Amino acid sequence: MGKTIKLISGDGEMFEVEEAVAFQSNIIKSLADEDNADDCIPLPRVDSQILSKVLEFCRKHANSPSVHTKFAAIPSELCPKHDGSAAGASSSESSSAHSETCRACYDAVMKLVQWDLEFVKVDLDLIHHLLKAANYLDIEDLMFMAVEGAANAIRGNNPEEIRKLFDLENDFTPEEEKEILKEYSWLDDPFEP
Amino acid sequence: MPIRHLRVVGGGESMAMLPDEIWAHILEIGTDSASLTYRDLCALAMASRRLSRLSAEPALWSTLLAIDFPDGEKVSPSPKALYQTRFKLEKAKRAALQRAKMLFAQSKVAVSRKRLQELKLSLVREGDRLKAAVEELRNLERARTASVALNVWQPEVVRGRQKQIVEQCTVPIESRVCALKMEVQVCKQQIANFNKTYEEEKKKLGKHKQALASLEYHPLQSHFNSTPSDSNKRKRLELSSDCKSLFLNV
Numbered sequence: 023m024g025k026t027i028k029l030i031s032g033d034g035e036m037f038e039v040e041e042a043v044a045f046q047s048n049i050i051k052s053l054a055d056e057d058n059a060d061d062c063i064p065l066p067r068v069d070s071q072i073l074s075k076v077l078e079f080c081r082k083h084a085n086s087p088s089v090h091t092k093f094a095a096i097p098s099e100l101c102p103k104h105d106g107s108a109a110g111a112s113s114s115e116s117s118s119a120h121s122e123t124c125r126a127c128y129d130a131v132m133k134l135v136q137w138d139l140e141f142v143k144v145d146l147d148l149i150h151h152l153l154k155a156a157n158y159l160d161i162e163d164l165m166f167m168a169v170e171g172a173a174n175a176i177r178g179n180n181p182e183e184i185r186k187l188f189d190l191e192n193d194f195t196p197e198e199e200k201e202i203l204k205e206y207s208w209l210d211d212p213f214e215p
Numbered sequence: 049m050p051i052r053h054l055r056v057v058g059g060g061e062s063m064a065m066l067p068d069e070i071w072a073h074i075l076e077i078g079t080d081s082a083s084l085t086y087r088d089l090c091a092l093a094m095a096s097r098r099l100s101r102l103s104a105e106p107a108l109w110s111t112l113l114a115i116d117f118p119d120g121e122k123v124s125p126s127p128k129a130l131y132q133t134r135f136k137l138e139k140a141k142r143a144a145l146q147r148a149k150m151l152f153a154q155s156k157v158a159v160s161r162k163r164l165q166e167l168k169l170s171l172v173r174e175g176d177r178l179k180a181a182v183e184e185l186r187n188l189e190r191a192r193t194a195s196v197a198l199n200v201w202q203p204e205v206v207r208g209r210q211k212q213i214v215e216q217c218t219v220p221i222e223s224r225v226c227a228l229k230m231e232v233q234v235c236k237q238q239i240a241n242f243n244k245t246y247e248e249e250k251k252k253l254g255k256h257k258q259a260l261a262s263l264e265y266h267p268l269q270s271h272f273n274s275t276p277s278d279s280n281k282r283k284r285l286e287l288s289s290d291c292k293s294l295f296l297n298v
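Chains as they are written, first to last, in my numbering: chain C, 23 to 215; chain E, 49 to 298.
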């Protein structure tokens, strides 16, 4: 068990997690680097309910490669198959060669992706909070998945439903509405006003 | 179309209050991974002014062009307009293809019907031939019986009539009977054949009519159906191909 970080949510609850988990957040990472004496990091803008969700995500991703950045090469230490067989190659050259051919790594990544997709199958409210938290804490993978979740929530709705989803006013004038209907008449199944 | 219910937690702060930057990100990632389709961008555009502005971003439509119309112009000053043009073109092509298919199906039905009519006529003709042959055979039988009877002593009144029948028959009876019997066989065979062909052609007609009906009653299917199942499939394919790019040999 490595070094741990203590986080305090906006509503005063304390979460103690491993470094690898907390450092998924670039903000926490840089804060921890600066603050040598005090390993207790306050996060006033995230409440405990959301923070625990965020940490759940981070825990899952702690010892996995980032699947959503385009240029990740998986070091062989992280490969589930090669767990324990530390003897042998760990130079950077062989790790990119390793990740390109290892079936176990591929399967692990796909499993993680599936888990992520399930994780964001939640209602829009929670996604909203996750988006804000991911933005505030600068957690790249969570941001990506929350964005995916939001896109999923948007898909398949007509304009009226979108307005309801996001609490929006229809701020077009009646003339503009007519224009818009004409503008989008080329759709296969044009939306009704 | 599903409406997802908002669970209100604490204040009613809605997602719409997120900064433009995050919205742009949502739209960008959404289109990149094919979670959002052209229909979704249009729905957003019709929802409010702000969303209209956000969804009109040219980069989004360039992405859609690359996904939905991969072979064709890639660069354009207005990708959204280009998308619309390609879409309309595609739609017109599909309509033309549909019409061509319909015409073809209709002609197949017409040809089948015609063949059935011809077969019917053949059957009638053959039937008449058969009837005539059978009739003639019967007459010949009578003549033969009469000539045999003449060789046997018969009452004069009967003899008179039988002599009449024999005299009326002008052809050599035996050879004619043979030929007629063969004719009857042939006719029966032909009728059987025609009947068989008729049944087969009827089945074909049934199939052609079905094909025509299905063309008539199925609405024009869009190539880019924005149903959740299709989009999900494409999204998962996208994500998995994204990960696949990490593994060149898979």
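Read the hints as simulated data drawn from the structure, not as lab findings.
This one's a predicted model, so the numbers in the text were calculated from it and none came from an experiment.
Careful: at least some of the hints might be erroneous.
Said to hold, decoys possible - Partial chain C-side listing against chain E, Cβ under 10 Å, derived:
(1) N157
(2) P181
(3) E182
(4) I202
(5) E205
(6) F213
As the list claims (entries may be wrong) - With a straight-line cut-off of 20 Å between C-alpha atoms, the simulated PhoX-like cross-links for lysine-lysine are:
(7) K204(C) <-> K252(E)
(8) K136(E) <-> K204(C)
(9) K51(C) <-> K154(C)
(10) K229(E) <-> K168(E)
Said to hold, decoys possible - If you want the footprint, here are the derived chain E segments under chain C, 3+ residues with CB under 8 Å:
(11) 72-84
(12) 169-178
Built from N, CA and C at the ideal position, the CB exists for glycine as well.
Hints, verified against the model:
no.	hint	in the structure
1	N157	holds, 6 Å
2	P181	holds, 4 Å
3	E182	holds, 8 Å
4	I202	holds, 6 Å
5	E205	holds, 8 Å
6	F213	holds, 6 Å
7	K204(C) <-> K252(E)	violated, 46 Å
8	K136(E) <-> K204(C)	holds, 14 Å
9	K51(C) <-> K154(C)	holds, 18 Å
10	K229(E) <-> K168(E)	violated, 24 Å
11	72-84	holds (count 8)
12	169-178	violated (count 0)
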